[in-house]
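Colleague: Each chain, written out:
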Amino acid sequence: MRFAFTDEQLAFRDAVRELFARECPPSTVRDAWTNDTGRTGTLWSRLAEMGVLGALLELRDVDVVLVLEESGSAAVPEPLVEHSLAVPLLPDPARAAAGDITVVTAFEGQGVAAYAQSADIVVTGGADGVFVLDDFDVTPILGAVDGSRRLAQVSGSGTRVGDGDAFRAAFDRGALGTAAQLVGLGRRMLDMTVAYVSERRQFGAPVGSFQAVKHRLADARIALEFARPLVYRAAWSMSEADAESSLHVSMAKAAAGDAALLAARAALQCHGAMGYSFEYDLHLFMKRAWALAAAWGDAAVHRAHVGRAIL
Amino acid sequence: MDLTFTAEEEAFRAECREWLEANVPRGLASGDTREGFAAHLEWERALFEARWAVVSWPEEYGGRDASAMEWLIFEEEYYRAGGPQRVTQNGIFLLAPTVFEFGTQEQKDRILPRMAAAQDLWCQGWSEPNAGSDLAGIQSKAVRDHAAGGWRLSGQKTWTTRGAFCTHLFGLFRSDPEAERHRGLTYFLVPLDAPGVTVRGFGRLDGDEGFAEVFLDDVFVPDAHVLGEVHQGWGVAMATTSSERGLTLRSPGRFTATAARLVDLWRQRADPADTRLRDAVTRAWIDADAYRWQTFLTVTRMTAGEQLGAESSMTKVFWSDLDVRMHETALELLGADAETDDSGWMKGYQFALSGPIYAGTNEIQRNVIAERVLGLPRR
Chain A
30 MRFAFTDEQL
40 AFRDAVRELF
50 ARECPPSTVR
60 DAWTNDTGRT
70 GTLWSRLAEM
80 GVLGALLELR
90 DVDVVLVLEE
100 SGSAAVPEPL
110 VEHSLAVPLL
120 PDPARAAAGD
130 ITVVTAFEGQ
140 GVAAYAQSAD
150 IVVTGGADGV
160 FVLDDFDVTP
170 ILGAVDGSRR
180 LAQVSGSGTR
190 VGDGDAFRAA
200 FDRGALGTAA
210 QLVGLGRRML
220 DMTVAYVSER
230 RQFGAPVGSF
240 QAVKHRLADA
250 RIALEFARPL
260 VYRAAWSMSE
270 ADAESSLHVS
280 MAKAAAGDAA
290 LLAARAALQC
300 HGAMGYSFEY
310 DLHLFMKRAW
320 ALAAAWGDAA
330 VHRAHVGRAI
340 L
Chain B
2 MDLTFTAEEE
12 AFRAECREWL
22 EANVPRGLAS
32 GDTREGFAAH
42 LEWERALFEA
52 RWAVVSWPEE
62 YGGRDASAME
72 WLIFEEEYYR
82 AGGPQRVTQN
92 GIFLLAPTVF
102 EFGTQEQKDR
112 ILPRMAAAQD
122 LWCQGWSEPN
132 AGSDLAGIQS
142 KAVRDHAAGG
152 WRLSGQKTWT
162 TRGAFCTHLF
172 GLFRSDPEAE
182 RHRGLTYFLV
192 PLDAPGVTVR
202 GFGRLDGDEG
212 FAEVFLDDVF
222 VPDAHVLGEV
232 HQGWGVAMAT
242 TSSERGLTLR
252 SPGRFTATAA
262 RLVDLWRQRA
272 DPADTRLRDA
282 VTRAWIDADA
292 YRWQTFLTVT
302 RMTAGEQLGA
312 ESSMTKVFWS
322 DLDVRMHETA
332 LELLGADAET
342 DDSGWMKGYQ
352 FALSGPIYAG
362 TNEIQRNVIA
372 ERVLGLPRR
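These protein sequence lines map, in sequence, to chains A and B. First residue of the first sequence? That's 30 in my numbering, and the numbers climb one at a time after it. First residue of the second sequence? That's 2 in my numbering, and the numbers climb one at a time after it.
Among the hints, erroneous ones may be present.
As the list claims (entries may be wrong) - In silico negatives: residues of chain B with every beta carbon more than 10 Å from chain A:
no.	residue
1	D3
2	A23
3	R81
4	P114
5	S134
6	D224
7	Q233
8	A271
9	A291
10	A371
11	E372
12	L375
13	G376
Said to hold, decoys possible - Quick list of simulated restraints, FRET-style, between CB atoms:
no.	chain 1	residue 1	chain 2	residue 2	range
14	B	V231	A	Y305	49 to 57 Å
15	A	R230	B	R145	41 to 49 Å
16	A	M303	B	A225	38 to 46 Å
17	B	R326	A	T66	40 to 48 Å
18	A	R230	B	E36	28 to 36 Å
19	B	E10	A	I130	41 to 49 Å
Said to hold, decoys possible - Sample of chain A residues at the chain B side, in silico, Cβ under 10 Å:
no.	residue
20	F34
21	T35
22	A40
23	A44
24	L48
25	A50
26	Q231
27	A247
28	D287
29	G301
30	A302
31	M303
32	Y305
33	G336
Source of the hints: derived by calculation from the structure; they are not laboratory data. It should be emphasised that the depicted structure is a prediction, and the values quoted were computed from it without experimental measurement. We treat Cβ as the ideally placed atom computed from N, Cα and C, and that holds for glycine.
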């Protein structure tokens with residue numbers, strides 16, 4: 030038993046963290062709310078150049094789970110999870126693997142398809158199998174809560190490339206990647222809040238010195254502390270094709286979603302009216318957390334999956 | 002990362018399991034009663050004779066030199082097999098790590114083998130009537146007796162777990178009357194049969210005589226009974242609190258075993274259509290597993306040489322709240338039968354309720370997490 034990442038895995042994470050800090054600051058996420066594509070414009074090609082997109086496809090889940098966590102922490106408005114699970118399902122993945130085109134998913138159970146308007150290929154999935162749609166129509170869903178995660182209904186017919194088992198395995202990768210992003214989002218919101226309540230003064234003291242604030246943030250920190258190992262364990266199980274990997278993913282997604290929602294709630298409350306302002310960045314991360322906690326199966330769905338196995 | 006157990010770890014697990022399944026006693030009375038305590042001592046001595054009492058200690062003191070990971074495996078197997086509470090725990094899990102770190106060779110040789118063999122039984126003498134969460138408010142005094150080569154202790158300790166059944170107490174006393182708060186405290190080891198000691202047991206929430214108050218009236222202890230440096234008791238004591246909050250006192254094996262019993266109870270008692278309780282049971286099971294994996298992550302870091310600090314406060318809040326939640330869920334599954342339950346859930350619930358209070362209340366732990374893990378400003 031050795032539950033730790035390798036130096037290479039950590040170095041990869043650090044490199045991507047720096048890239049996101051530089052190329053996907055909150056202003057970029059905010060821009061995606063209103064620009065034409067709902068995405069970043071340049072980050073996708075930078076990720077391709079740096080080999081990150083390729084790595085997401087080629088490496089094992091345990092090698093990339095930290096990278097996806099970072100993408101959550103930066104609220105990167107790009108279909109990293111969808112693309113990296115869908116590309117291996119394509120009959121001819123070369124162009125997609127290079128990042129020249131974008132592939133997204135419209136799987137049963139993931140919620141409405143994200144980033145489909147700017148996608149070149151959509152892969153659908155369900156109990157009857159996996160289908161690749163080259164030719165499809167999208168109907169944008171307006172008014173989704175996270176404006177930097179554009180949603181659309183997808184229709185079209187395609188080629189069957191996998192069976193129900195292939196769908197379920199790919200779905201688990203979507204839930205796992207989303208769980209990793211939720212942990213990153215939770216951590217980011219907590220970091221923002223710790224910084225804010227350490228600066229903000231009322232009654233002659235930083236509000237972060239008051240126990241009512243401290244205890245709320247401590248609880249968010251605890252939830253994240255105990256969700257993270259479940260996410261990493263699920264990534265390892267997926268990499269090793271463990272017989273229970275699907276259950277491990279469900280445990281991870283349920284815990285990560287709950288932890289991120291708790292962190293979001295604490296972050297908003299402890300920011301006071303500042304966090305309630307649209308101009309302030311907190312809501313960019315909070316709304317992503319709301320969206321991702323619901324997507325790819327919410328906590329109740331995943332706990333029901335675990336419950337069917339253990340009860 | 003390799004989340005499988007090594008062949009050695011699996012062999013160790015198999016050895017634990019085989020012995021425990023053959024030897025764990027059934028139906029012992031509560032170790033927090035006088036009769037029950039005696040029965041538990043027999044079990045503790047059987048554990049010692051088979052070298053399972055203190056697996057992580059060096060062999061010369063009765064242990065097996067087990068690694069932290071092996072110790073966790075032992076704990077999983079112990080509670081999986083239905084092993085009873087460890088009435089020796091405050092000695093072997095709280096005092097012993099401090100003796101290993103701060104004790105002289107003479108103290109180690111004198112204290113540890115008798116502790117491992119359950120010949121000396123140790124209770125913790127920290128809390129006082131006016132020093133609970135505010136532990137640094139300790140008022141019990143230690144006055145130097147130069148002529149006799151020791152100290153004279155006076156004061157009152159309270160909420161001392163199993164104090165009425167133990168033979169020795171480890172505790173903090175104010176040795177420098179000029180110093181305040183954390184300064185000027187000394188860590189003493191006190192035989193409870195020393196002249197001037199009076200111990201009065203009293204009932205805990207469940208009525209068992211698991212608590213005691215210990216009165217000390219000019220009790221003489223020789224210098225050899227000081228652990229660590231004089232006036233440095235706070236720092237010495239903090240070494241035990243991090244192990245108390247952290248791994249040793251309440252390892253994941255306890256809670257995964259409780260979660261498994263809760264799943265069994267669900268199978269026996271639940272209305273399968275009750276989605277709320279189904280969700281609660283599943284959540285408890287996942288949380289217990291989360292504690293298990295968080296611990297493997299922590300132990301891997303420790304094995305790589307990292308020191309654990311305030312993170313142990315997160316662990317303490319998590320397992321104690323989880324334990325309460327699991328018992329609440331069990332009582333809901335029992336429904337009206339909860340009132341007369343004698344299968345352990347009602348008793349266990351009352352014990353679980355102590356978890357968020359002892360070893361530093363969860364409110365204190367949340368302060369520690371906020372200030373030392375998150376870095377929020379102190380008041």
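Colleague: State the violated hints by number, sorted upward, taking the hints as numbered earlier in the document.
Modeller: 1, 8, 9, 10, 11, 12, 13, 16, 18, 22, 23, 24, 25, 26, 29, 30, 31, 32
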